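Here the protein sequences come in this chain order: A and B.
For the first sequence, my numbering assigns the number 301 to the initial residue and increments by one for each residue that follows.
For the second sequence, my numbering assigns the number 2 to the initial residue and increments by one for each residue that follows.
No wet-lab data here; the hints were simulated from the structure.
A portion of the hints provided could be inaccurate.
To be verified - Some chain A residues close to chain B (C-beta under 10 Å, calculated; not the full set):
#1 Gly384
#2 Tyr470
#3 Ile474
#4 Glu639
Claimed, not checked - In the BS3-like style, the derived pairs of lysine-lysine whose C-alpha atoms are separated by at most 25 Å in a straight line are:
#5 A:Lys447 x B:Lys282
#6 B:Lys86 x B:Lys135
#7 A:Lys339 x A:Lys547
#8 B:Lys31 x A:Lys447
#9 A:Lys665 x A:Lys334
#10 A:Lys547 x B:Lys282
#11 B:Lys31 x B:Lys267
#12 A:Lys500 x A:Lys412
#13 B:Lys161 x B:Lys31
Fair warning: this is a prediction, and the values are worked out from it, not measured in the lab.
Glycine included, C-beta positions come from ideal geometry on N, C-alpha and C.
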Amino acid sequence: MTNERREFFMSTTWLPCGTYHQNYVQDHAWWQTKFIKAKMILLLIILFVIIPLVADPYALSILNLVGYTILGAIGVQLLIGFCGQVTLGHAAFIAVGAYTSTLLILEFPWPKILMDWGLAYPISILIAAIVSGAWSVLFGLPCARVKGFYLILTTMAAQFITVDFIITGYVSQIGGRGQAFSLPPGTIKVGPWVIDSDLKVYFMMLVLVIVCVIGVLNLIRSRVGRAWIAIRDNDISAEVMGINVIKYKLLAFYVAGFIGGVAGAFWISNLAAISPEHFPWFWSLWLVGVILIGGVGSIHGTIFGAVFMVVVMEMLQLAVMPLADIYPKLLVDFLFIKEAVFGLAICVFMIFEPNGLAYRWWQMKNYFNLWPFSY
Amino acid sequence: MELFLMTVTTGIMVGGIYALVALGWVLIYKCSGVLNLAMGELTLIGAYVSLSFYSMGMPFLLALLCSLIIGLVLGILTERIFLDKLIGEPVLTVIMVTVGLSFFFKGTVEFIWGTDTRVFTPPVFSMEPIHIGKIIIGQVYLWSFVAAIILLIIFVCFFKYTRWGLAMQATADDEMAALSLGVSARFVYAAAWAIAFMAAGVGGTLLGNINGLNISVGYLGLLVLPAVVLGGLNSVPGAIVGGITIGVLQNLCGAYLDRYFPGGVKEVAPFAFMAIFLLFKPHGLWGWERIERV
């Protein structure tokens, strides 16, 4: 993707005929026309009311997976798409979040009043996010000295050091539980609700995703976001312009790790037990693949990518399952097929649609905004 | 002291194999600027192909030759189908295509050959260890090292003295000048991938002989990355030195640090070492330091 093309599709949406902006506030407004506002409210109603009413637990569990992927991928998107720091070790920070939250819930002597009010889990999410942000900054430190491929390798080192060494070897031994931490039902409680069904996880996921997406979008249209974009486009000219490059790069690592921590701490509500196998290197690369397929440098690209990848993989599973009666080996080998298809999908997208799904979406929107006179 | 000497010797011998694979990596980077993350899977493919031929009853050298030929074909195909269309695209796009390729290859290998550990039966090298003074070395290590060194010498001679090798060197040095002198860049790219596939295949076969062959051999192929970073991304001698250093480092950590930090210090040490090393020498030992201007 060339830079001009990306910036163009990032920043411009052609407004409907007769709508003009007269000041910068309007230019940066969330909802630029009444129609867009109505569309967004409709989307919220669908998400909060209609989907919980009609969806069965299977669909909800897939949606939860989509939400988890979105939460994880936003941080990657921030680093790669907005700050230009390629990371291939994000699963490490998600793992740090998940383990911090689990350990806090299981081992920390919570005061009774916090337990009664159901605040233990929300507080642990916050602490997990902060810890994982700090951990991410630690591994982002080399970005002060190195960039490009060398930085990619240090983030890979983060993955292997954190998950394969520290968590597997040491953190998992805390409390003598062996490899996996099991979370007894009823331990995860938000306010008066015990998170024990897909529906409740779904609502929690929605709230977290919306908060994170809005937070990141707001960051991006502020001074911080503009500094990140300047660093992405050319870090030397950014420095010349007076941006403290190292500070903003580390800030990007911090925010990315923070959201990764939220993702990890959220995901434990959906798992009966967590073990290092939940956060393999594959998952780091999967997240990067998600944002590449969705579109680099666009937050809704992240969402499209997450939906696309999860749904395609589920469809693949549904398509393969009937064949399993004939070839029972397929059931075992499905994981490998999934891997191969994922790899091929990335290659095909990179070669034929390097701008991702978000670019198509932008083109469609503009087509309808200007319809029927596209000139 | 004996333990130290033995660890270092074993490290150098395993490092020779890493050096061979690292050479293939550096070659791709130098000639076409592609940062290849699929190296581990290239070793896997080569190793499994030669294992399959060997299990069919072929002599080992013939099986190795067959896997070299298949590596050549696969390398050219990969370059033509995937990488050829990406010339001039940004770095991240190209890296992610190689990541995609690595998943594709890995999934395919697992689908075809399964995930169980396989060994070369009957063993290619005799199990009898060799005594050199007080040092005891497995024959596998020694012969693997010899094979890796012979191949390294062949490759280096290829670059120095043959017409094709010189063309590749010219492209690596200055693509525009090479093009204007009539070197076909597309041929050079394809040749680089083919050689990388072949080198990785031999490396994988040798590694598979040491510990048996399963998916984790692909992880050993990943160790090539610290090796090339250590030597500098675009330096062939750097790749060889880096490969041997990583081999020695890994064995030393396994021998001495494992007591204090149980749980796979051997696998993580190269990466941790690399991350710290980069803080002090961001361009490796002999990598080019590019001067950047606005």
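Consistency of the hints with the structure:
| no. | hint | verdict |
| --- | --- | --- |
| 1 | Gly384 | holds (9 Å) |
| 2 | Tyr470 | holds (7 Å) |
| 3 | Ile474 | violated (14 Å) |
| 4 | Glu639 | holds (4 Å) |
| 5 | A:Lys447 x B:Lys282 | holds (12 Å) |
| 6 | B:Lys86 x B:Lys135 | violated (55 Å) |
| 7 | A:Lys339 x A:Lys547 | violated (38 Å) |
| 8 | B:Lys31 x A:Lys447 | holds (18 Å) |
| 9 | A:Lys665 x A:Lys334 | holds (16 Å) |
| 10 | A:Lys547 x B:Lys282 | holds (21 Å) |
| 11 | B:Lys31 x B:Lys267 | violated (30 Å) |
| 12 | A:Lys500 x A:Lys412 | holds (24 Å) |
| 13 | B:Lys161 x B:Lys31 | holds (15 Å) |
In summary, the structure is inconsistent with hints 3, 6, 7 and 11 from the numbered list given earlier, while agreeing with the others.
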